[in-house]
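Q: If you're matching them up, the sequences are chains P and B in order.
Reading the first sequence from the start, the letters are residues 39 to 351 in the numbering used here.
Reading the second sequence from the start, the letters are residues 39 to 351 in the numbering used here.
Hints may be right or wrong, so weigh each one.
Which copy is meant is left open, so a pair is good if it fits within one copy or across any two.
[Said to hold, decoys possible] Derived lysine to aspartate or glutamate pairs resembling EDC-like cross-links, with alpha carbons at most 16 Å apart:
hint	residue 1	residue 2
1	Lys264	Asp223
2	Lys69	Glu84
3	Lys77	Glu300
4	Lys264	Glu117
5	Lys77	Glu99
6	Lys129	Asp62
7	Lys264	Asp240
8	Lys182	Asp208
9	Lys156	Glu337
10	Lys69	Asp107
11	Lys274	Glu337
12	Lys274	Glu307
13	Lys129	Asp328
14	Lys120	Glu59
15	Lys77	Glu228
16	Lys182	Glu166
17	Lys256	Glu210
18	Lys271	Glu228
19	Lys152	Glu99
Honestly, the hints are just simulated from the structure, not real lab data.
Keep in mind it's a predicted model, so treat the numbers as computed, not measured.
Protein chains: 2
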Amino acid sequence: MPETPHGNGEETKSVTTSATEFKDLSKFVFKRILNVNSKTKFICAEGSLQDQEGSAVLVLEKKALDEQDLQALCTKSSELQKLFINDIFHKYNCYPDPHLNGLNATIIYPATEKLIQKYASQVIHIVEETPALYDSLTLPHILKTQNSLEWVYNILDHKSEQERIVFEDDDEKTGFVLLPDLKWDGVSVETLYLLAIIRRRDIKSLRDLTGEHLPLLKNIYQKGIKTIQDKYKLPKSRLRIYFHYQPSFYHLHIHFTSIQFEAPGTSVERGHLLSSVITNLEAYPFYYRDATLCFTLPEIDPLFAQYKAEGDF
Amino acid sequence: MPETPHGNGEETKSVTTSATEFKDLSKFVFKRILNVNSKTKFICAEGSLQDQEGSAVLVLEKKALDEQDLQALCTKSSELQKLFINDIFHKYNCYPDPHLNGLNATIIYPATEKLIQKYASQVIHIVEETPALYDSLTLPHILKTQNSLEWVYNILDHKSEQERIVFEDDDEKTGFVLLPDLKWDGVSVETLYLLAIIRRRDIKSLRDLTGEHLPLLKNIYQKGIKTIQDKYKLPKSRLRIYFHYQPSFYHLHIHFTSIQFEAPGTSVERGHLLSSVITNLEAYPFYYRDATLCFTLPEIDPLFAQYKAEGDF
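So here's chain P without its partners, still in its complex pose (with noise of 0.2 Å):
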């Protein structure tokens, strides 16, 4: 979590202190909207509190409905507002109880105009990166920026996760570790996702790829399809095996989730199924050493004002 901008620890009277638990909403005075998404009914909105100086950030966003409220709802207290009735289908309005129908919320106080900034929606690019500009712009970027990776050395020398690693295969070459994503509970197959480390440091992303990895993703491909079908009985034909480019960090794993599930980073701009990375190398040794691949960047990324002087935008 960011820090404050009362890290000095001395507090002055105007502001409220961390502590002060809130009744209700009518202290959040409404300055501009952040972010807005109509999808997942989720709202972020920037204002100040009442009688306080300083910024505040207000974060909304409707609760999920499972099996047991759809059953709590279907009450006297539930109040329907007709929209229309055409034939079989009747539309309505609902308005049940309050506390059959939370939300959740989330004030944060005193916000620094960084955190701000972390909540405000991101304007996003697409790019077109050429061998050339992945040479020219892209690999020196990774290589100036790029997190550590101790983590992941971490997990592949079982000095940390050896407990949640589902499978393993040690060989030097085509070897690698499949463990949970961090993001799944590792229960619900709706939702399953799972990451394959390969155990070669020497592989960052996708476009390091030529035909003669082809062992080691059939490999993670043929092993990873069999432990997940073993362990969670889900078949091949209901994963979504594949890459993400750019990658989170540049250390070559593959996501594993059901097809059913729309992780994030599933998207046309950011995935590339294993299969079709495997049947493309094998027609073209040199496909992603010569490709010309897409990826999205947020505007505020330095490597976007580069690209952004290179091209057409």
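Following the hints, put chain B in place on chain P, whose structure we already have.
A: Same frame as chain P, but now just chain B:
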């Protein structure tokens, strides 16, 4: 809308007529969950109506939040129940005035078995279509089951939707029509969605494309981008331009959406970026004739049964 089982006009006394208006949800008797989406806060159940024969379907979805909603919620009537306070982060359950926090409710009654099936969550599979499987399974299936393309020809011939056309190039080889997708409101650039439909009638899908079609594809890419830049002020770097494979109709068309909009069918198992298609065909003119292409099929699709008979599921 699907037909009712009471299409003969006769109604028995025990069946609520379509015109019966519900005042609340107390009449719905729960039987089983048909579908849940915790991301979009959607749930759908099969059941019946109290003292009535036959099945009913109840669909509930939380409403999205906009700026007006958020401002209206910042009052004393939005009760907060503390979950935890950690430094500057305050987490609460929020229970607003019911009329500021509605759901969309649909009751379908009477509901046929076919309609219940339609609302039930579909098990989805991914299949790998080699060129041989395209010829032996997919193509015969398309030819046998495809819907009429009359509505597409009506647009191309200016017999319908003429006023919706945003741009047109009537070259017989490289021409196309660009118009807003029916799902788009035509206003909000955040959810921008247009469709380019080619004039030629001899290309069914991505699978048919070869190097000889590069002038057509580049023409759509360049003129589509220019039109959207001029008319909607959204530059090329903020557009996702892609094919669906399989498409929903077999007359070649290309989707233009805002990169920020998670439109349906943009995931890696269905989307193919136009810029990648162009660079693939430039480097390998028969890339799509020779490729193994993945796509998804619902388990109930007859084509899935054929793929299942061929492969290892």
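Q: Next step is simple, just say for each hint if it's right about the structure.
A: Structure-based check of all given hints:
Taking CA atoms no more than 16 Å apart as the test, Lys264 paired with Asp223 passes in neither setting, with 21 Å inside one copy and 45 Å between copies. Taking CA atoms no more than 16 Å apart as the test, Lys69 paired with Glu84 passes inside one copy only; the shortest distance there is 6 Å, against 44 Å between copies. Proximity of Lys77 to Glu300 under the C-alpha cut-off of 16 Å is found in both arrangements, the shortest distances being 13 Å within a copy and 9 Å between copies. Within a single copy, Lys264 and Glu117 get their C-alpha atoms no closer than 50 Å, and across copies no closer than 50 Å, so neither meets the 16 Å cut-off.
For the homomeric pair Lys77 and Glu99, the shortest alpha-carbon distances inside one copy (11 Å) and between copies (11 Å) are both at most 16 Å. For a Cα distance limit of 16 Å, the shortest separation of Lys129 from Asp62 across copies, 12 Å, qualifies, whereas the shortest one inside one copy, 32 Å, does not. Taking the closest pair of Cα atoms, Lys264 and Asp240 never come within 16 Å of each other, the shortest separation being 26 Å inside a single copy and 42 Å across copies. In the homo-oligomer, the alpha carbons of Lys182 and Asp208 never lie at most 16 Å apart, since the shortest distance is 30 Å inside one protomer and 50 Å across protomers.
Taking the shortest alpha-carbon separations for Lys156 and Glu337, only the intra-copy value of 13 Å comes in at or below 16 Å, while the best inter-copy value is 41 Å. Only between protomers do Lys69 and Asp107 lie at most 16 Å apart by alpha-carbon distance; the minimum there is 14 Å, versus 34 Å within a single protomer. Taking CA atoms no more than 16 Å apart as the test, Lys274 paired with Glu337 passes between copies only; the shortest distance there is 14 Å, against 37 Å inside one copy. Within a single copy, Lys274 and Glu307 get their C-alpha atoms only as close as 23 Å, which misses the 16 Å cut-off; across copies the closest is 14 Å, which meets it.
In the homo-oligomer, the alpha carbons of Lys129 and Asp328 never lie at most 16 Å apart, since the shortest distance is 54 Å inside one protomer and 49 Å across protomers. In the homo-oligomer, the alpha carbons of Lys120 and Glu59 lie at most 16 Å apart only across protomers (7 Å), although the nearest pairing inside one protomer, at 39 Å, exceeds that limit. In this assembly of identical chains, Lys77 and Glu228 lie within 16 Å of each other by CA distance solely across copies; the values are 13 Å between and 20 Å within a copy. In the homo-oligomer, the alpha carbons of Lys182 and Glu166 never lie at most 16 Å apart, since the shortest distance is 21 Å inside one protomer and 39 Å across protomers.
Proximity of Lys256 to Glu210 under the C-alpha cut-off of 16 Å is restricted to the intra-copy arrangement: shortest distance 15 Å within a copy versus 45 Å between copies. Proximity of Lys271 and Glu228 under a CA criterion of 16 Å is satisfied intra-copy only: 11 Å inside one chain copy versus 40 Å between copies. Within a single copy, Lys152 and Glu99 get their C-alpha atoms no closer than 22 Å, and across copies no closer than 34 Å, so neither meets the 16 Å cut-off.
This entry does not satisfy hints 1, 4, 7, 8, 13, 16 and 19, going by the numbered hints stated previously.
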